[in-house]
Structure formats: C-alpha cells, structure tokens
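In this note's numbering, the protein residues as written are 2 to 871.
Hints are computed from structural coordinates only; laboratory data are not their basis.
Predicted model, so just to flag it, every value in this text is computed and none were measured.
Heads up, some of the hints might be wrong.
To be verified - Computed spacing ranges between beta-carbons, pair by pair: (1) N640 - T508: 47 to 57 Å; (2) V771 - S642: 52 to 62 Å; (3) L762 - E251: 45 to 55 Å; (4) N487 - L526: 17 to 27 Å; (5) G136 - E251: 51 to 61 Å; (6) T444 - I803: 12 to 22 Å; (7) T451 - V848: 44 to 54 Å; (8) N626 - V771: 17 to 27 Å; (9) D476 - G571: 21 to 31 Å; (10) R765 - G136: 30 to 40 Å.
In this text, a Cβ means the ideal position worked out from N, Cα and C, and glycines have one as well.
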Amino acid sequence: MNSEDDPTLLTGAVTAGAPSPVPSSASTAITFAPGSIIAGRYRLVALLGKGGMGEVYRADDLTLDHPVALKFLPSAATGDEATLSQFHNELRVARQVSHKNVCRLYDLGEAGGRRFLTMEYVDGEDLASLIRRIGRLPHDKAVQIARQLCAGVAAAHDRGVLHRDLKPANVMIDGEGDVRITDFGIATATADDTRQFVGTPQYMAPEQFSGGAASVRSDIYALGLILFEVFTGRRAQDSKTLEELKRFHETGTHATPSSIVRDLDPSVERVILRCLERAPERRPISVLAVAAALPGGDPLAAALAAGETPSPEVLAAAGESEALGVGRGLALVSFVAVALLAFAAASQRTSLTGRTPLDVEPPVLVDRAEQLVSSVGYDEPAGDRAFGFMPFEDYRQWLRRRREPRSTRWDALSSGDPSGVLFWYRSAPGALIPVEDAAVTLTDPPATETGMREVVLDPRGRLQRFRSVPPQFDDSADPARAPAWNMLFDAAGLSMSAFAGATPQWTPPDFADARAAWTGPHPLLQDVTLRVEAASYRGAPVFFEVIGPWTEPERMQPDRTSLADFILIGVLLGILATLLLAAAVLARHHIRSGRADRRSAWRLTAYLAVVGMVAWLLRADHSLNLEGEVGLLFREAANLSLLSLASWTVYVALEPYVRRLWPDALLGWSRLLTGHIRDPRVGRDLLIGMAFGVALALVDVGKATIIPALGQSAPFPRYGYGDVMLGSGTGALWGTLLESASAVVAALLATLGIVILRLVLRWRWLAIVVTWIFLSLTTTYDMTAIPMSLAFPLASGALLSIIAFRFGLLALVVTWFTWGLIEAVPMTLQLSHWRAVPSNWTLAVLVGLTLYGFYASRAGQPLLGRILRD
C-alpha cells in the first residue's frame with residue numbers, strides 16, 4: 002500500500018501549521034527492519050511507501066492472523082502537537098466512514114516512541130501509479146472506477162466528512178480492480194471551520210486559493226480532476242508553481258477531455274466539466290449527482306441510498322427501463338374495457354339521463370320551440386338563440402321526498418311523465434351574452450331586454466313553460482285581443498276542456514295586464530293535479546307554466562341544505578382554505594431556499610391555462626358584440642389566472658417534499674412533464690390510473706344498485722348527470738379538456754394534504770388513515786341508508802388512498818380524470834342514438850388511452866411478448 006510518494010509542492014499534501022511535506026532523511030529513514038515485532042502483535046513484512054506524513058509498512062497481525070498496514074509518524078514529528086493532532090484526527094474521522102470503497106482504519110498504537118495507525122491492507126497500487134504506468138484506462142474500467150470513487154466519497158459526505166485531499170495518489174486499486182479511498186489525515190467534519198489552506202494544491206478548488214472554505218463542492222472539484230485523468234490519462238492542467246496555479250484559477254480554463262480523447266462519451270465530458278466549474282454553485286450539488294450523470298447510472302437509487310433529496314433532473318432521468326409484464330398489462334386493459342362496458346350498461350338503467358326517454362333530437366326540439374313562439378304571435382326574427390338540456394331538479398327532489406316505495410322511487414323517471422330532464426330554448430333581438438359563465442343558460446343572462454323569450458319543453462316536445470319579456474315602452478292604443486291559451490294548452494299536451502278556471506297564485510316574472518289560472522288532472526298520473534298559470538300583455542302571452550305538486554317557487558326557494566350537509570360543506574371548505582394557506586407558506590419557503598422546481602410548475606400552469614382557454618373557446622357562446630366578447634375573454638382570463646396561480650403555488654409547495662419523502666410518487670409525473678410520453682413508467686401509471694378510475698365508477702354504480710336491491714332507500718346516482726354535454730360533439734371535447742384540468746387540480750390538492758399530514762403526524766400509517774377518512778368525506782353524497790351507505794364512500798376513499806400512496810401523482814391524476822369523465826358524460830350503449838355522441842367519444846378516448854398506456858408500458862418490447870416474437 003503506497004503513501005504520498007510525490008514530494009513536489011503541487012502534488013504533495015500541505016497542512017495548515019505543519020511543515021512542508023518535502024521529506025528529510027531524518028524523517029523518512031527506515032527505522033524498522035522486516036521481521037520486526039511491533040507492539041508485541043504486528044510483524045513487519047516490507048516497507049510499502051514513505052512521504053511527508055511518515056512511512057507505511059505491510060505487516061501481519063499475529064493475533065488475528067490477518068495482513069494489515071501500519072502507518073508511522075516520522076520520528077521528527079513525535080513531539081509535534083499539530084502533527085499528532087492531525088494523526089489522531091485521521092483515525093477519528095476515518096472511522097466514521099464505513100464503506101467498501103473506503104480503506105478502513107482500525108486503531109492507534111505506539112512502538113519505540115513512534116505513533117502508528119493500523120489500517121486495512123490493500124494489495125494493489127495507487128491510481129496515480131496506475132495512470133503513469135498504463136495511461137488512459139479503458140472506458141468501461143474508467144466508468145467502474147469513477148462510479149466507485151463517487152460511492153466512497155458520497156459515503157464520507159453522508160457521514161458529514163470532507164476528505165480535503167482527494168487525488169490519484171490517495172486512491173488505491175486493489176487486486177480485484179476495486180477502488181479504496183485512503184488518507185483521511187486532513188479530513189474534517191463539514192460543520193468545522195474549513196478555511197485553512199490544506200490539501201494538495203494541484204487538486205484544490207479555486208475558492209480555496211481565495212480564502213474560501215472547503216466544502217462538498219471543493220471535494221467534487223477534486224473528484225472532477227481525478228476523473229479527467231482517469232478518462233484521458235493526462236492531468237487537467239500542468240502548473241509548475243503555486244503562483245502559476247493561482248493565475249490559472251483566476252484566468253485560465255481547463256482543456257476539454259474530448260480535445261484529448263476524440264471518442265469520449267459526451268455524458269462523461271459533461272459531468273467532468275460541470276465538476277470543474279470555477280464557481281462552486283455551478284458544480285453538481287452532490288457526488289451522487291455526479292454518479293447519476295455517468296453512463297448507466299441509476300440516479301434515483303443513488304440519491305435514496307445516500308439519504309439525499311433527488312433533484313428534479315434526477316427524477317426526470319429515473320424512468321422505468323423494464324417493460325410491464327404482458328399478463329399484467331393485458332389484465333389491466335381487459336379490466337378497463339369490461340368495466341367501461343359494464344358502467345355504460347348500468348348507467349343506461351340507473352342514471353338520470355339513462356332512465357329518461359330522450360328520443361327527440363335537439364334540432365327537432367329547437368324547431369318546435371321556434372314554431373310555438375311564432376304561433377302565439379311573435380313573428381320577428383331572433384338576433385341570437387341558445388338551447389340545451391337541464392335536470393328537472395324540482396321533480397327529482399319531489400321523488401326523493403316520497404315515502405313509498407323508497408327502494409324503487411327512481412323508476413318513475415323511466416315513464417318520462419313528467420320528465421327528469423328538460424330542454425330549454427332562448428332567443429333575443431340582440432346578442433345573448435352571459436354574465437356569470439362562458440355559456441348561455443336558461444337564467445344567464447337574465448331576461449331583462451324586451452323581446453327576450455324562453456321556452457321549456459320536455460324531451461318529447463311538450464311545453465312546460467313559456468316566457469316573453471313585454472316592451473318597456475308602449476304607446477299603442479289598440480284594444481287587447483284575447484290570448485290564444487288553447488294553443489299553449491295543446492302545445493303542453495293538455496286538453497283545456499279538462500281544466501277548470503282558478504284564482505291565479507303564481508306571479509309572472511314580468512309585467513302583465515291580465516292573468517289566468519286553471520287546475521285539472523294529470524293526463525297519465527292518478528291522484529296528481531296540475532295547475533296552469535298564465536299571463537298576457539295586451540292580449541299577447543308573456544307567461545305560461547305547467548305546475549305540478551313538485552314545482553317549487555324558484556324566487557322563494559328555501560335553503561335545502563341539511564345541518565349534516567352544512568357541517569360537511571363547512572369542514573371541506575375549511576380544509577381547502579387551510580391547504581391553500583399552507584401552500585402559500587410552503588411555496589414561499591421553497592422559493593427562498595432554492596428547492597422549488599419552477600420549470601415543472603410553469604409547465605403545469607401553462608397546460609392548465611392552454612386547456613382552459615381551448616375549452617372556453619369551444620364552450621363559450623361567442624357573438625359579434627365586441628364589448629360582450631371582450632368581457633367574456635377578460636372574465637375567463639381572470640379565472641384562468643387565479644386557477645394557474647393557485648396551482649403553481651400548490652405545486653411549488655408540495656413538490657420538494659414529495660421529492661424528499663416520497664420520490665417514487667413523482668417518477669411518472671416527472672417523465673411526462675419532461676416530454677417522455679412513451680416512458681414505460683408513464684404507460685404503467687396511465688394503465689393503473691385508468692383501472693382505478695373505472696373501479697371508482699363501479700363503486701358508485703354499486704351504491705345506486707345494491708342498496709335498493711336490498712330494499713333500502715335508493716340513493717340518487719351522481720353519474721350520467723352531465724346533461725350539458727348531451728348530443729354535442731363539441732361539448733364532449735371541451736368536457737374532456739375541463740375534466741383533465743379538474744383532475745390535475747384535485748390530485749394536487751390531495752397530494753398537498755398528504756404531504757402536510759406526513760409532516761405533521763410523522764407516522765406514515767397514521768397519515769394513511771387520516772387521508773383515507775378525508776378522501777372518503779369528499780366522495781360522500783346522498784346518505785339515504787346509513788350505515789349501509791357509508792361502505793361506498795369508505796371504499797372510494799380506500800381506492801384513492803391506495804392509488805395516491807402506492808402509485809403516485811400521475812396515476813392519481815389519471816384516476817380522477819377517468820372517474821370524473823365517465824361520470825359526467827351521459828353514457829349509453831346505443832351507439833347510433835343521437836345522444837350517443839359524447840358517450841362514443843368518451844369510450845373511444847378512454848379505450849385509446851388504455852391501449853396507449855399498454856403500448857408505452859411495454860418499453861418497446863413486443864406487445865404480446867413471445868407470441869409476436871415467434
């Protein structure tokens with residue numbers, strides 16, 4: 002085992018307060034002859050080397066019958082307190098580091114008045130001698146040595162130890178060709194004052210020449226110089242004196258390794274040059290980052306092994322390399338396909354839009370509404386119009402309040418009399434410009450302009466409500482004509498002769514100079530009495546509505562929120578506010594500490610902004626009214642800005658903690674954000690997220706079918722309720738985009754909550770339990786059969802917790818997207834039906850994503866394994 006065998010100023014170690022390392026005859030003379038017995042235990046075999054810090058002998062440990070190395074202090078240094086302190090420091094510091102690539106030190110002894118260290122004997126030669134002997138190492142061997150060097154130095158840094166004298170002469174290559182780092186004589190703890198000018202000048206970092214402290218990154222600089230020699234066979238620079246070396250660090254630049262070795266791997270050159278950056282902050286943050294950048298590195302495993310927080314770049318480079326098994330992949334694909342078909346079939350029988358007969362196409366209903374408006378005397382052409390479907394919420398609530406039979410109460414929706422879904426049509430002389438949302442609805446914009454008209458039909462085209470805003474100013478003196486009420490009765494599918502006159506009770510929404518009312522039986526439902534309220538202005542109908550026992554006065558609606566719902570909503574809003582406040586505090590901390598992954602945060606917010614804007618362009622009711630269109634644009638821009646800001650804050654707040662506590666959860670997500678969409682990890686997370694998403698939808702189907710099958714009060718299914726997308730291909734597209742954005746936001750908030758719980762509760766199992774309870778609360782709705790109903794939100798919460806803790810952020814986003822999309826879209830297996838457009842689109846999108854996930858998860862391997870290969 003060699004010691005420091007180069008006595009020149011620039012390659013020999015110098016220590017603060019110690020004499021020059023140039024040896025003298027007194028200090029380097031061989032004091033002990035081979036065969037001498039030292040301390041009654043060690044028999045010297047041969048001198049291995051000598052230098053400024055003494056002599057190193059090979060010896061046999063007679064007690065343990067094991068070869069060792071003995072490092073003696075020079076005789077002249079026996080009384081030197083500084084040298085003795087350094088000798089003790091080497092033992093104290095080196096014994097803190099236990100690693101296969103670090104030479105082990107055993108004990109401190111004394112013989113003949115001279116102190117010595119016992120250490121592991123390495124049968125080999127130092128790296129400096131090896132490079133002088135053979136020159137440039139073969140590439141594979143050089144990578145092996147580089148990786149082992151990184152492992153040994155990282156082990157020292159992990160124990161808080163700086164070597165401060167890394168150089169080829171202090172790196173041994175044993176008989177197996179493995180690296181052993183030696184000579185921790187001037188090593189120190191990272192927390193100690195490291196401003197002393199110590200080390201070997203040729204391998205010291207520039208900041209140490211200007212009085213800066215030694216640090217992890219000064220060790221990394223020395224490591225870069227060693228790697229330069231390993232891969233090129235030459236030193237990075239050849240200053241002859243200390244002054245030349247100082248001038249080089251002030252003004253010079255290192256030669257590039259590729260200028261010496263033309264065929265050098267570019268990744269090797271990049272990492273070497275990064276290590277040799279003059280500014281410490283531009284060097285890799287850790288030795289593990291150096292190891293990760295070497296060819297064939299496993300950056301995430303290296304970071305986790307050292308207990309470090311992996312950088313965003315490390316996560317992005319840590320994609321899956323192995324393909325998902327064919328059996329598992331096909332099982333997931335099959336489950337998603339079968340579950341989608343099962344959900345669509347169940348949705349037809351149990352959801353609001355599935356139960357409700359919807360046989361008449363929207364264009365026919367529009368034509369019906371326009372003919373009705375014309376038939377009662379309003380012939381002027383409309384400047385703008387809008388239409389759509391909406392749930393008949395009053396009727397649904399009425400069915401819910403009925404006592405008998407509660408297990409089959411939703412079966413009444415199948416008759417369509419009355420209908421659980423209504424069609425609305427609006428027209429105006431000018432542009433219809435919404436003031437609350439991007440799209441026109443029955444109530445937005447408010448009907449305040451003269452000539453605005455509303456028609457509400459059931460899906461079979463029967464009139465339920467009519468409204469026309471009378472003129473604000475009218476100087477006509479013509480006598481009023483009799484209103485054509487019989488035409489409106491016929492349009493409603495009612496016989497006016499079956500109704501008797503009654504005293505009006507419902508005030509029309511607009512001014513009217515005449516009112517009328519009738520009561521009569523429902524044409525199909527026994528024991529149900531209908532009421533018809535009407536009003537006219539100067540003989541022209543301005544209001545007509547068919548009122549049943551289910552109709553609630555919409556301008557006098559009481560608050561239907563129960564105490565339990567009120568408490569639940571309050572708890573959820575409180576949690577949301579707490580999460581956002583915590584996100585702001587954590588984001589500020591991460592920005593100031595430089596830990597935030599701003600690049601990924603901006604990519605995320607850019608996606609949300611672009612998706613939101615595209616969805617708005619497809620969804621909004623645009624017009625040629627410049628003022629209205631600018632208002633719509635600015636309102637949407639404000640909403641998107643607020644959403645983007647909140648999402649950016651949440652992501653910056655949670656990402657560094659997830660990267661530190663739970664890095665595996667970000668692997669697929671990081672790969673996706675960096676554009677590696679065909680990465681196997683992305684494909685795996687996509688497949689698993691799809692499977693969990695459809696599983697969550699099946700849980701909701703189970704709640705809507707199992708509870709009534711057991712004779713309990715039937716809950717109202719929340720799926721298939723997105724009537725706004727009925728029959729609209731454009732609606733299906735913007736609905737898909739909005740669901741993807743909503744899924745990202747929901748997953749980020751859930752992950753932030755998990756991070757906060759992990760930090761506060763400490764115990765992982767407790768965080769999992771609390772997360773499960775919280776996520777179960779978010780899926781709680783229509784608790785009609787407690788405690789039986791509790792099983793279903795608890796199951797949903799369990800599935801969400803599993804996907805979050807086990808599979809990570811990308812899988813959670815995909816889960817929420819899949820779950821939300823198939824529940825928002827009215828699903829049907831009648832593929833040729835007019836309302837099947839969004840259903841067909843959704844099924845195609847989800848099946849396509851599932852197949853793509855399987856394709857990506859196979860990592861370029863044959864999709865069906867040996868079947869296709871053979």
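Quick rundown of the hints versus the structure:
Hint check: N640 to T508, Cβ distance near 35 Å, so the stated range 47 to 57 Å is violated. In this structure, V771 and S642 break the distance hint of 52 to 62 Å, their C-beta atoms being roughly 33 Å apart. The given range of 45 to 55 Å is respected by L762 and E251, whose C-beta atoms sit roughly 53 Å from each other. For N487 and L526, the hinted distance range of 17 to 27 Å is satisfied, since their beta carbons lie about 23 Å from each other.
The hint said 51 to 61 Å for the Cβ distance between G136 and E251, and at roughly 31 Å that hint is violated. For the pair T444 and I803, the supplied restraint of 12 to 22 Å is violated, since their beta-carbon distance comes to about 41 Å. Checking the proposed 44 to 54 Å range against T451 and V848 shows it holds: the Cβ atoms sit about 51 Å from each other. For N626 and V771, the hinted distance range of 17 to 27 Å is not satisfied, since their beta carbons lie about 51 Å from each other.
A hinted range of 21 to 31 Å for the beta carbons of D476 and G571 is inconsistent with their spacing of about 55 Å. For the hinted restraint 30 to 40 Å between R765 and G136, the CB-CB distance of approximately 52 Å leaves it violated.
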